[in-house]
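Visitor: We have chain Y; now place chain F with the ligand onto it with these hints.
Residue strings, one per chain:
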Amino acid sequence: MTVIKSVTCPICGCLCDDIEVTVENNEVVKMKNGCAVCEGKFLGYKGEHRTKKPLIRKDGKLVPVTMKEAVHAAAEVLANANYPILYGWSSTSSEAQRVGVELAEEIGGVLDNTAVVCHGPSILGVQEVGIPTATLGQIRHRADLIIYWGCDPWSAHPRHLERYTNFTEGRFEKSEWTSYMTKLKAHAGNRKLASAMRIEDSKAKPKPQACYVGGSPPELSKGGRKLIVVDVRKSMTAEMADFFIQVEPNKDYEVLQALRALVKDKELDVDSVGGVPVEYLQDLADALVNCEFGVIFFGMGLTQTAGKFRNIEVAIQLVRDLNSKTKFMIMPMRGHYNVTGANVVSSWQSGYPYGVDFSLGYPRYNPGETTCMDVLLRDELDASLVIAADPGANFPKNAVQNMVKHPLIVIDPHMNATAMLGDIVFPAAFVGIEVDGTAYRMDSVPIPLHKVVDPPAGVLSDEEILKKILEEVKIIKAKNAKVA
Amino acid sequence: MEQKLHVTLLTGRTIEQGVGKEYGKASHEYYDACSMCYMDSDDMRKLGIKSNTNIKVTTPVGSVVLKAVKYPRGPTPGLIYIPYGPWANAICSYATTSIGMPSFKGTPADVEAAPGEKILTIEELLMSEFGR
Ligand code: SF4
Chain Y
1 MTVIKSVTCP ICGCLCDDIE VTVENNEVVK MKNGCAVCEG KFLGYKGEHR TKKPLIRKDG
61 KLVPVTMKEA VHAAAEVLAN ANYPILYGWS STSSEAQRVG VELAEEIGGV LDNTAVVCHG
121 PSILGVQEVG IPTATLGQIR HRADLIIYWG CDPWSAHPRH LERYTNFTEG RFEKSEWTSY
181 MTKLKAHAGN RKLASAMRIE DSKAKPKPQA CYVGGSPPEL SKGGRKLIVV DVRKSMTAEM
241 ADFFIQVEPN KDYEVLQALR ALVKDKELDV DSVGGVPVEY LQDLADALVN CEFGVIFFGM
301 GLTQTAGKFR NIEVAIQLVR DLNSKTKFMI MPMRGHYNVT GANVVSSWQS GYPYGVDFSL
361 GYPRYNPGET TCMDVLLRDE LDASLVIAAD PGANFPKNAV QNMVKHPLIV IDPHMNATAM
421 LGDIVFPAAF VGIEVDGTAY RMDSVPIPLH KVVDPPAGVL SDEEILKKIL EEVKIIKAKN
481 AKVA
Chain F
1 MEQKLHVTLL TGRTIEQGVG KEYGKASHEY YDACSMCYMD SDDMRKLGIK SNTNIKVTTP
61 VGSVVLKAVK YPRGPTPGLI YIPYGPWANA ICSYATTSIG MPSFKGTPAD VEAAPGEKIL
121 TIEELLMSEF GR
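In order, the protein sequence lines correspond to chains Y and F.
In terms of this note's numbering, the first sequence opens at residue 1 and continues consecutively.
In terms of this note's numbering, the second sequence opens at residue 1 and continues consecutively.
These are calculated hints, taken from the structure and not from any lab test.
Simulated crosslink set (EDC-like; lysine to aspartate or glutamate; CA at most 16 Å straight-line):
| # | chain 1 | residue 1 | chain 2 | residue 2 |
| --- | --- | --- | --- | --- |
| 1 | Y | 52 | Y | 69 |
| 2 | Y | 397 | F | 123 |
| 3 | Y | 61 | F | 123 |
| 4 | F | 50 | F | 112 |
| 5 | Y | 397 | F | 124 |
| 6 | Y | 479 | Y | 76 |
Derived CB-CB ranges, DEER-like:
| # | chain 1 | residue 1 | chain 2 | residue 2 | range |
| --- | --- | --- | --- | --- | --- |
| 7 | Y | 380 | F | 4 | 36 to 42 Å |
| 8 | F | 1 | Y | 448 | 57 to 63 Å |
| 9 | F | 73 | Y | 271 | 23 to 29 Å |
| 10 | F | 59 | Y | 369 | 24 to 30 Å |
| 11 | F | 59 | Y | 138 | 38 to 44 Å |
| 12 | Y | 4 | F | 56 | 45 to 51 Å |
Given the structure is predicted, the values throughout are model-derived calculations rather than measurements.
All residues carry an ideal CB built from backbone N, CA and C; glycine is no exception.
Looking at chain Y on its own, in the form it has when it is part of the complex (with noise of 0.2 Å):
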């Protein structure tokens, strides 16, 4: 038995490197400091659902062929492909990601990661106005005030509150975990009390679309560090929160350009916007100007809904309005655990961070065209290849639809959506777990990934897979050159 320290979880876009793993007979036996999300992955990846063979379909069913044959049916397919694309990325390491590159250069195709359904929002915000950002490391020990916009990293980060916010315990700002269970505590009594009113009271009047959480507005002028979320529905993170904003869906570019102005001293002439009170957004435009060191995070809430980059944008600017008053930072809560790695590796090899069209010979990038939604959409594409992602369960609909239609090419560990799809399917290695690697935080620090067992007999990693197809690829091209 023998217990591994320091692991770094390769999951969500926190990149855990606390991770304590017990390690016996090649397998994974125990756990320590990880999230629900990180033990599922680290004790359930084993699971009966791992495909460990390359399979291809064959009169409608998937069925185990060897490695050589599924990586030459793979190669033909790309090789001879007019505008393939390849998709995902962000579950892998960026060594992997970098052989991805010289593939989509090889054969032509689209390139493009997750972010285009994640924060690709972002990325076009942040080519219009810029980003004043920072580390973790900086938040952790220096920001007072922690803005959750849009996101629940409850949810979706789960440790993100406890290694880089308000749980934490940093040099110069102390964690509010025993003053948030002393509040938990307080709350827990008045829940039992509001409930035997509601009983008195069944016709109750319905809540304000705002509310405070935390009782009062002077819990915005607390000491220590203080947590705000402004969410369309009261997420888990917003039950921890000392202030709360529920605002109306698709209504969040509006109330961005009320703090703007509110930010600025200058008056609103409405009552309220986007469902918020004026009131309520002007307390919290005190709260952003009265902090010494805020930091927003944003996620989907903001990405997803109308407006899209356009919320960024606005988001970016309040922060640069900010920055003039005092000290503001803003960061996208990247989801998965290396997808700023698919943007870091995609820029700094073709000059852009997704959606990078290589089919007439150079790199283009244009948002809306070359991105691979809309070349689904389009149904443009001849052949597919999917890496580390599951399109077949993220993807609307009908770009799936299209996807099935054309040769479909799956690399992954699991048996997921898309490879139940595909039409050559390669069981990868778990990244983090079977191979090490690195992968980019989502304040974009590469963080090493670290092997912990071997992975099954047979059974290779992304880059090796991908450096395979790559070598077939160029010895059918050139077969074909001769040909021709």
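Guide: Just chain F with the ligand, lined up with the frame of chain Y:
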């Protein structure tokens, strides 16, 4: 009681979906986590349903049967929330508004009670949509 409710559809992450996806897309954890839909308790009352009743959610893209679950953390009138996954994507708007990003949150939908209808498994859903 109303036959049909017009609501705003949100899709997104839940911790159960996060755990389920790590167990595998074919796992029952993933099925339980993703083939459901959070609703406001008053809205559920309007449709005459309780938690764990099946509902049918319809958008211009299609419809899907899901299990309705009362949203535990306060009122969300007029909103429904489906965890990311193939069930949500059976009805999600694919309008990318020319930037590559579909509209996963904040699109209109209709909800009706469907106690007699079955929730498809992931295999059945993929088969019905993609023939595989
Ligand atoms: S918060 Fe994210 S990186 Fe950290 S342990 Fe949980 S899933 Fe892993």
